[in-house]
Amino acid sequence: MSAPRYGFLRANALSLVFGALFLVTLAGQAIAGTADFNARQVAEGLPTVSLLDYVTSSSFGVDVMENWQSEYLQFFLYVFATVWLVQRGSSESKEPGKEGTESDREQQVGPHSDDESPAWARTGGWRTAVFSRSLGLLMGALFLLTWAASSVAGWAAYNAEQLGQRQDPVSWVGYLGEADFWNRSFQNWQSEMLAVGSMAIFAVYLRQRGSPESKPVGAAHADTGQTG
Amino acid sequence: MATPTTRCAAAAVLAAAALLSGCAGLEEDDVAQVAGAFEDPATAPADRCALLAPTTRDALESDGSAPCVQAIEQVPLPGGAVEAVEVWGGEAQVRLGGDTVFLTETPAGWRVTAAVCQPRGELPYDCEVEGA
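Read top to bottom, the protein sequences are chains D and E. If you number the first sequence the way my numbering does, the last residue is 228 and the count never jumps. If you number the second sequence the way my numbering does, the last residue is 132 and the count never jumps.
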């Protein structure tokens, strides 16, 4: 059956809708964050700030970055872990026995590629090696970048808080040893690990008709790797 | 080889960095100037009171049971030359030769929130002048 001819919007609806939802929720965070920040300023007898002042502050920066870094960590770990680890019966897992990077034939690389394969899958050598890991590598790189950004924004917010409480500011390296940095990191990481782990096991026993995140409704609980 | 696009991007990053560091430098100058003026023995009590944050001024008047211009004269300000300035967000700290001063940014400019402060290790500084 040939794929239906869709216009740009319909062909990219999933990415576009989530892109729009991201912008709307980020705006919601900015508005609610400004209100929350100003409520605390008023309680302490300090002047309030504008929305622009707030979204360019370290407080907003660290709140955004600490969430982004944990999302990219989640996908980085999940992309690599699912190469080697399976969950019997889960649509999130591949079939038991297929652990590992699989053969070139299965992965359609080098001489096993076809005319529609990406160029770097066909050429072999380092290009194919890099392209074969590009999704995980990008997620890992984005995790490191956003975690670094989270540490810098968190350092600035922490020092502003220190000064507001008549305490000395700390260096960036000093901040990396502070409980504030690790508390922010771990509280985001634990929620991502919970979401991924629970999704992997829930997908064994529960179904969502029509979703590729689920097995077909009638598939057996023991069936692994099917999507429907 | 750098394309016009990458050169433009590099120029924009450098301009942003220069702007940010310039702004930070200007803020540090403002903060140091306010802290220095507050602790300068030649500054009149009324001018010194005008440099206090509202909550700090209220606390000073409440603690001294007197108007700010009278209460501030009872406070020995160690003063000294500015040795270091830290500005983080809307908060700042200035180390002078004889004192450490804390400031906050208000619509009217930087104002002193605490002065005559002694460090107490991990605990907050113990300040003779500070808001509630």
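Keep in mind that the hints were calculated from the coordinates and are not lab data. For clarity, every value in this text was computed on a predicted model and none was experimentally measured. Beta carbons: idealized from backbone N, C-alpha and C, even for Gly. Fair warning: there could be bad hints in the mix.
Unchecked claim - Covered stretches of chain D, as calculated for chain E (at least 3 residues, CB under 8 Å): (1) 41-48; (2) 130-142; (3) 146-159; (4) 176-189.
### Structure versus earlier hints, numbers of those that do not hold, lowest first
2, 4
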